[in-house]
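Heads up: the sequence shown begins at 1 in UniProt numbering, then just goes up one per residue.
In case anyone wonders, no lab produced these hints; they're calculated from the structure. Honestly, I wouldn't trust all of these hints.
DEER-style ranges, computed between Cβ atoms [stated by the list, open to error]:
| no. | residue 1 | residue 2 | range |
| --- | --- | --- | --- |
| 1 | Ser203 | Gly59 | 35 to 43 Å |
| 2 | Ala92 | Tyr144 | 16 to 24 Å |
| 3 | Gly156 | Tyr108 | 19 to 27 Å |
| 4 | Thr193 | Asp155 | 34 to 42 Å |
| 5 | Trp199 | Pro109 | 34 to 42 Å |
| 6 | Ser192 | Gly145 | 38 to 46 Å |
| 7 | Trp199 | Asp142 | 22 to 30 Å |
| 8 | Ala201 | Pro87 | 38 to 46 Å |
For glycine and all other residues, C-beta sits at the position ideal for the given N, C-alpha and C.
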Amino acid sequence: MDRSARRPRRTGALGASIAIIAVVVAALAWLSLSGLLEPRDDGAPPAPVAQTPAPAVTGPPADAFAITVEHIIDGDTVKASAQEPNPVMPDAEAVSVRLIGIDTPETYPDEECWGSEATEALRDLAPEGSTLWAAPDTEWHDRYGRVLLYLWTPDGVFVNEQLIDAGAAEALRVAPNDSYAELFAGAEAAASTAGAGQWSACS
Numbered sequence: 001m002d003r004s005a006r007r008p009r010r011t012g013a014l015g016a017s018i019a020i021i022a023v024v025v026a027a028l029a030w031l032s033l034s035g036l037l038e039p040r041d042d043g044a045p046p047a048p049v050a051q052t053p054a055p056a057v058t059g060p061p062a063d064a065f066a067i068t069v070e071h072i073i074d075g076d077t078v079k080a081s082a083q084e085p086n087p088v089m090p091d092a093e094a095v096s097v098r099l100i101g102i103d104t105p106e107t108y109p110d111e112e113c114w115g116s117e118a119t120e121a122l123r124d125l126a127p128e129g130s131t132l133w134a135a136p137d138t139e140w141h142d143r144y145g146r147v148l149l150y151l152w153t154p155d156g157v158f159v160n161e162q163l164i165d166a167g168a169a170e171a172l173r174v175a176p177n178d179s180y181a182e183l184f185a186g187a188e189a190a191a192s193t194a195g196a197g198q199w200s201a202c203s
């Protein structure tokens with residue numbers, strides 16, 4: 001057979017090859033647009049997940065009970081009595097109440113910087129004779145026998161947090177009583193950045 005007789009067959013094969021290539025190119029283009037051919041790096045660390053801020057506290061919990069402030073001892077401790085007997089404070093007499101999750105400068109035996117101011121900050125929020133709402137955490141007493149409580153004013157101000165906001169107290173995390181630890185840590189960071197209270201007055 002001469003060469004001229006074979007040319008149509010070669011032309012047909014070439015056309016089929018071109019058609020196949022066109023289909024493959026089109027398929028690759030579609031896969032690329034679909035994101036299926038994007039390079040993967042399975043060994044790369046995952047993108048950081050945004051931290052969810054601690055929810056703001058809007059008021060005392062449903063199981064809070066009423067107490068009467070008898071005396072302010074210092075910036076994080078009061079004498080108080082329960083207005084009605086309850087499992088945490090079953091007796092009528094006043095007891096020492098230590099606010100959970102905070103620490104204020106000492107006033108005794110040696111007064112530390114901002115100790116008096118912290119005491120007055122607590123007195124402004126919880127004056128003697130006032131009613132507060134109180135709630136415990138996991139452990140009800142510390143090693144000194146003081147009752148451990150979170151406190152709220154009648155209009156819902158979270159006393160523990162407010163003292164940190166004002167720069168009168170630092171956040172103090174002591175497990176297992178750490179239900180509001182993240183909230184308090186955030187409040188301390190904000191107060192420190194703003195130079196509130198002791199953060200600008202005390203070196």
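These are the hints, each one checked on the structure:
A C-beta distance of roughly 37 Å is found between serine 203 and glycine 59, which places it inside the suggested range of 35 to 43 Å. Between alanine 92 and tyrosine 144 the beta carbons are some 21 Å apart, a value that agrees with the proposed interval 16 to 24 Å. Between glycine 156 and tyrosine 108 the beta carbon distance is about 32 Å. The supplied range of 19 to 27 Å is therefore violated. The given range of 34 to 42 Å is broken by threonine 193 and aspartate 155, whose C-beta atoms sit roughly 27 Å from each other.
Here the CB-CB span from tryptophan 199 to proline 109 is close to 25 Å, at odds with the stated 34 to 42 Å. For serine 192 and glycine 145, the hinted distance range of 38 to 46 Å is not satisfied, since their beta carbons lie about 32 Å from each other. Between tryptophan 199 and aspartate 142 the beta carbons are some 26 Å apart, a value that agrees with the proposed interval 22 to 30 Å. At roughly 40 Å, the beta carbons of alanine 201 and proline 87 sit within the given window of 38 to 46 Å.
Comparing the model with each earlier hint shows violations of hints 3, 4, 5, 6; every other hint is respected.
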